[in-house]
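Q: Dock chain B against the given chain A, drawing on the hints supplied.
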Amino acid sequence: METVLKIENLSVSAGEKEILHGVDLTIGKGEVHVLLGPNGTGKSTLGSAIMGSPEYNVTGGKMLYKGEDLTVQSVSERAKNGIFLSFQDPIEVPGITVSSFLRSALEAKSGKRVRLFDFKKQLEEKMEILGMDKAYANRDLNVGFSGGEKKKTEILQMLMLDPELAILDETDSGLDVDAVRTVSQGIAAYKAQSDGGLLIITHSTKILESLHVDFAHIMIDGNIVKTGGAELIDEVNAHGFSVYEEG
Amino acid sequence: MDERTQVADIDRSVYDIRNDSSRDYKLEAGLTAELVKKISNEKNDPEWMREFRLRSLEIYNSLDVPDWGPALDGLDMENIVTYVRPNTKMSAKWEEVPEDIKNTFERLGIPKAERESLAGVGAQYDSELVYHNVRKEVADLGVVYTDLESAMHGEYAQMIHTHFMQLVPPADHKFAALHGAVWSGGSFVYVPKGVKVEIPLQSYFRLNAPGAGQFEHTLIIVDEGAYLHFIEGCSAPKYNVANLHAGCVELFCGRGATIRYSTIENWSKNMYNLNTKRALVAEGGKVEWVSGSFGSHVSYLYPMTILQGKGSKMEFTGITFAGKGQNLDTGAKVLHAAPDTSSLINTKSISKDGGISTFRSAVEVKKQAEGAKSSVSCESLMLDDISRSDTIPAIDVRTCHADVGHEAQIGKISSEAVFYLMSRGLSEADARATIVSGFADNVSKELPLEYAVEMNNLIRLEMKGSIG
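Chains A and B are the protein sequences, given in the same order. Here the numbering used here is used: the first residue of the first sequence is 241, the next is one more, and so on. Here the numbering used here is used: the first residue of the second sequence is 164, the next is one more, and so on.
No wet-lab data here; the hints were simulated from the structure. Each residue gets a CB set at the ideal place from its N, CA and C atoms; glycine is no exception. It is possible that some hints are incorrect.
To be verified - The list that follows gives simulated cross-link-like pairs (lysine to any residue, SDA-like), each with its CA atoms no further than 25 Å apart:
1) Lys608(B) <-> Ala377(A)
2) Lys352(A) <-> Leu624(B)
3) Lys575(B) <-> Pro294(A)
4) Lys487(B) <-> Asp386(B)
5) Lys608(B) <-> Lys352(A)
6) Lys575(B) <-> Gly384(A)
7) Lys257(A) <-> Val581(B)
Stated by the list, open to error - Beta-carbon label-pair distances, calculated as ranges:
8) Lys374(A) <-> Lys575(B): 29 to 37 Å
9) Asp263(B) <-> Leu356(A): 32 to 40 Å
10) Lys374(A) <-> Pro261(B): 48 to 56 Å
11) Gly387(A) <-> Glu533(B): 41 to 49 Å
12) Lys352(A) <-> Pro261(B): 40 to 48 Å
13) Gly387(A) <-> Gln572(B): 23 to 31 Å
14) Ser577(B) <-> Glu248(A): 28 to 36 Å
15) Lys575(B) <-> Glu364(A): 35 to 43 Å
16) Leu612(B) <-> Thr445(A): 28 to 36 Å
This is chain A alone, in the form it adopts within the complex:
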């Protein structure tokens, strides 16, 4: 399997504090990885560091995306090269509609003008998959959206930008059962349209029920302590994380 992301012995700090202490992770094309772990163990830090958040510094190790060193690329370069991060708390951006934001993001990515007609058609299709009211396309990005609508809008962006590596950071947190189902449908649609790699960060396993998972990783205190197949999820469901914390 062709490798999309290869992380070796990665250390990441926020200010003076080291959060990740030598993480290894390899994601291949078309693979679905799940990163599990209790709150505050550094799962989101890993996702943000891959995207290039200015809040974190890579202090050691390697991070290669399609064979290229990620650490020298700006956030927008990473995005243009095909990395996508679905935010845990999407930011409200007044003054730009979902539709025109997505169009300019697509244009930034392709470097070409995006034809309005094709774009609109595509956007409406994707919104339908997510059961979103079309009116959201003309609303300011995330402004006044409910938690569920914000997460759906993140998934909508993922479907439109069609990344080669999509990281979903706690996309299911705070959502009711219906919203989780919709988000799962969105992820399934992404799997159907793309052979990109997926990294799903979560501390619960609800979102994974209808998804084929290739690899599961358990992170405790800034280290990946166990990697396995989908069976690891059942193990977590049965016993929680405490067994890994002790061992």
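A: Okay, now just chain B, sitting in the frame of chain A:
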């Protein structure tokens, strides 16, 4: 890095084109009674206006430069040329406007906007109007839109005599007096009873000559139950010497009438913009100001509304963007002089690269203004640590039966928001510009589309190069 934006990028050069002004008629710099008389002769003033000018000059000489706002040290009246007449006459046909001047306005998009979305246009170049035209169907409704000079000699002579500088008397402040002495150009608008002018009129003021002043006067009278949207735009190329703009706007809003007055000001950064705007609103009338201040080196600008009639209203929506070397002191004033009047002031200010933005508001509620409502809100965004933003609100309420509120907020661009937008592929410059445009959204929403686009272009232009 590849740069892409929401709206087409504009080139600062559009605003910076300088035309040769050596063939134009100019008075010598400085200010004397002789010069004022020359201007008066040049303009063929009626006798009352000639006297008005000379009286204003006396007042000017008796008043001090304001000492409570941004420094005016760089402005030396001995060096300002108060009157520059372009080498042409006013025309109602663009073909008759000299090539270089016409091209300037073409680049600024004025004739195109006129064809597409305006009911009439006045274009002033230095001290004189070079173009003035109003659509026939609008003129047929009895709407008058012309230059003040010819109106002073025509059918509306008496109306001008009784209204000119009645709202802003020359004794108001030194630069109002200066305006009274040397004013030239501008527009006169009269909208008769009940006439609703559905599409806007626009005047554009272009100052081309270096070291010159522009002192246009805009007098608008909207009669009972009528409606008018008036747009004012201004720009100038940059010179190394100080230029001065001391215009004056007077709006008379009749009973139940509505005036919307929009401005996108983009003077070059050697301009001292000491402009005075005032509106008088009769019973049930409404004045809406939309104001975007982007240019000039120093600005003093506080449009004032006098709510004289019962139930009259005002709304002020403004944005000020102070960049490097700019000290922009802007805001709004309102006087509640009748019962059940209401005012709503909503402003945003942005400062970057050491720019200073000061918001001043004055709300005065008179004893008789029972049931008055006033709400002032001011939000500031500072884009770096070397810029400055101040809020100076003044509230004076003389009745117990009024509802008056004030709110102010100062903030910075969140790095989280920049990260979010960049994570979708936007460059850092575009991400920041998007956030700033969003912050300015309250004003762009109030503007006709083309002007909203121009404003966003200006914001993007200002944001360019703001990243080290």
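Q: Hint by hint, say whether it matches the structure.
A: Do the hints match the structure? See the list:
Among the hinted pairs, Lys608(B) with Ala377(A) is consistent with the structure: their alpha-carbon atoms are about 18 Å apart, no more than 25 Å. Distance check on the hinted pair: Lys352(A) and Leu624(B) sit about 22 Å apart at the alpha-carbon level, within 25 Å; holds. Of the pairs offered as hints, the one joining Lys575(B) and Pro294(A) holds, with about 16 Å between alpha carbons and a cut-off of 25 Å not exceeded. For the given pair, Lys487(B) sits about 43 Å from Asp386(B) by alpha-carbon distance, which is inconsistent with the 25 Å threshold.
A threshold of 25 Å between alpha carbons decides the hint, and for Lys608(B) with Lys352(A) the separation of about 28 Å lies outside it, so the pair is violated. Note on Lys575(B) and Gly384(A): the hinted pairing holds, with a Cα-Cα distance of about 21 Å set against a maximum of 25 Å. About 23 Å separates the Cα atoms of Lys257(A) and Val581(B), which keeps this hinted pair within 25 Å; it holds. The given range of 29 to 37 Å is respected by Lys374(A) and Lys575(B), whose C-beta atoms sit roughly 35 Å from each other.
The hinted range of 32 to 40 Å is satisfied by Asp263(B) and Leu356(A), whose Cβ atoms lie roughly 38 Å apart. Taking 48 to 56 Å as the suggested C-beta distance range, the pair Lys374(A) and Pro261(B) conforms, at roughly 52 Å. For the pair Gly387(A) and Glu533(B), the beta carbons lie near 46 Å from each other, so the given range of 41 to 49 Å is met. At about 42 Å, the beta-carbon gap between Lys352(A) and Pro261(B) stays in the expected band of 40 to 48 Å.
As the Cβ distance of Gly387(A) to Gln572(B) is approximately 25 Å, the hint placing it in 23 to 31 Å holds. Our hint of 28 to 36 Å for Ser577(B) and Glu248(A) holds, since their Cβ atoms are close to 32 Å apart. One distance hint, 35 to 43 Å for the beta-carbon pair Lys575(B) and Glu364(A), holds here, with the actual separation near 37 Å. Between Leu612(B) and Thr445(A), the C-beta spacing of about 49 Å breaks the proposed range 28 to 36 Å.
This entry does not satisfy hints 4, 5, 16, going by the numbered hints stated previously.
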